[in-house]
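Once you've looked at the hints, go ahead and assemble the two chains, each given alone in its own frame, into the complex.
Those sequence lines, one after another, are chains D and S.
Quick note: the first sequence, position 131, residue 131 per my numbering, numbers continuous.
Quick note: the second sequence, position 13, residue 1013 per my numbering, numbers continuous.
It is worth saying that the hints were derived from the structure and are not from the lab.
Fair warning: this is a prediction, and the values are worked out from it, not measured in the lab.
Within a straight-line C-alpha distance of at most 30 Å, the following computed DSBU-like cross-link-like pairs (lysine-lysine) qualify:
(1) S:Lys-1052 to S:Lys-1072
(2) D:Lys-94 to S:Lys-1052
(3) D:Lys-94 to D:Lys-132
(4) S:Lys-1052 to D:Lys-132
A short list of chain S residues far from chain D (calculated; beta carbon distances all over 12 Å):
(5) Ser-1070
(6) Lys-1072
(7) Ala-1074
(8) Ile-1077
(9) Pro-1080
(10) Gly-1082
(11) Asn-1086
(12) Val-1097
(13) Gly-1109
Don't be surprised by glycine CBs; every beta carbon is placed ideally from N, CA and C.
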Amino acid sequence: MRQRRNSGQIVLIAAFIIASLLLSAQLYILEVGRTLSETEPDSVNDFILSVQLGSRNVVTSSLGNVSNGGASGTLELNLEEWASLVEDQYLYGKSILDYTLRDAAPYSSGIWLGWGANGYGVSSSYSNFTHKLTGLEAEVDQSFVINITTTLLIASTNQKLGGDSRQVNVTISIQNEAEPALAEQITIYYRVSSSWLIPDEANGYILRDYGNGTYLGSFVADVPAESVEISTHILDYRDIYAQANVTSTEI
Amino acid sequence: MFDRKGQIRIIESFLAIAVVFSAVLVSMTFPSSPDLSKQNSLASMGAQALMKLDTDGTLGNLIIQQNWTSIKTALDILLPIGVSFNLTVYDELGQQVNPEVIQNSNLLGREAVSVQHLCATRSQTVQFFVVRLQLAWTG
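If we strip away everything but chain S, and leave its shape as in the complex, we get (with noise of 0.2 Å):
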């Protein structure tokens, strides 16, 4: 009887346990949160890029003369080693104006942040764009 008592003790320490790293490993398996720093610095960078290029009026004039491949060659030097990224160039009515993808790399499955960037075109007939960057860490 003695016996008994001492191995439901036991029994319902193991139990306690078994409750206390269940919890410990559900917490675990939850989604961290995203680190605020870093995708702040990202978005934050990738919003200087987009208006470092548009200074000069040099962004309104590639997207006038449809010159996809200069504006990502100008991303890949304004953005640092290790960003992925994905532009997409929008009218006033909000229809997609570059038919090709302006991209450095896949983005599927990263943490993305969105920029976006609305351009006025150094013309003299004057054109508006919504200019949307989207940014990842590749590491």
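One chain only, chain D, in its complex shape (with noise of 0.2 Å):
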């Protein structure tokens, strides 16, 4: 008798285990997958992603600024303020971001604008940066090199009409970081006496562009002397200035 209510006992036991064993299967499941997406390991590569774009964006807008005439501090102001921001916006953990610009010539304050008179022209800035990043997801210390450089090359010639007359072309290589690219501004000068000249459409100026980072430069212009000195500006789609200087030859 006492054994039989005992069975009947025994499988409303079994049965509560069974509940609970099934509930709290559920609830570790539910617990692990939230534990698991508050991690995110994803969301660490992109903020280290995100941190060199913006870095890179900040070297060429100082370039930018300092080619077209900025004060030379302005590179390092603005990483100064980036790195701050790099500081304060990572919500997981520590994020550091250092910066070293370069000082050995040419470079100063991480920047060279080399415009000489041999027909090259350099406007470049160069930084190491080092982005150490500690917190529950990962621990990470990644260094890289930031070099933003507009390099503009130029050659001349020009063929005497008769009298002072002679047609000029100048040849116009533009590159960023040694790849080919576009300007967005183009002014070529020439020297008459001791005074610049812009060729404009009396002078029959044509400056064609070849699509490939190369333009070519025509004008007529009353020079008496057989070198004719020709001085190129540029702007680059990025906004960064560059000049270079050349002697046209005679042909």
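Here it is in structure tokens:
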């Protein structure tokens, strides 16, 4: 009699145990899922890439500013502000962005503006970065270099047409980080005695764009001397300014 | 007397079944854990779209120009069909910059992920923005 009563209770107890096992298993699966979703390892990679991209934009903009006549300390000021933002906006731990501006010649405070008379002009910026991330998700110590360089190469020849009149051709080649690049603006100057003049329609000025970073400027100028001094000023699509001078030789 | 004992056993068995069945029912009402791979891929897609837009400085320039329509159009193109988004732009001080909503559809009631992107403009005077993109699958 007593044994029969117990067997009925055992069925109920077993049912309760099964039910609690079911519920706890379900809760465990849910909890594990939540923990994993909080980790989001992809967000760390995306943040690192976003910081590298932003650093590149800061260096590019600063070079644009300095090459257009801005203060030489612009790069350092901008990077200081950027590093502070990178530190503040990381939500999963500590983020520190360190930077060193290249000071070895020809760079000074991370900037080199070399606008020579040999047909070569360069506007460049060079900085080393270290990005350290510490937190629950990851420990990352990443070093990278950002070198933004706009190079301008010009060559010129001229041909005597009659009297002092000369046909002048100027070949202009523009590169961004050693890759052909397009210009937003090109201005050619030629020198007559002590004045720099800009050729226009009256000079039959034509600028041909070959689409591969090479341009050919042609014009007719009245210059008594055999050699014509040429200066070319460009602004690339990143708003970085460069200039180069060359002496046009008669052919 | 014997019949009553049998009835009690049947009742006990039904009770046991009811207990197990109710446990199954209760466990079914728990919110399902988010599909992590789907959510992570959505977040990654959002981050990649913002980086793509920022590679040549386009994102920063559009923010400076306050051209919110073009930002929305660009995200419509960069993100796959079936993804809803809502973008908010903040300045360095955390003040919202965009006065109008930049979204393709409402995210209310959807399981959304949030992506944050730091944007430095490519202009001679650098400006910094924090861009927050919320995304959800529409399906």
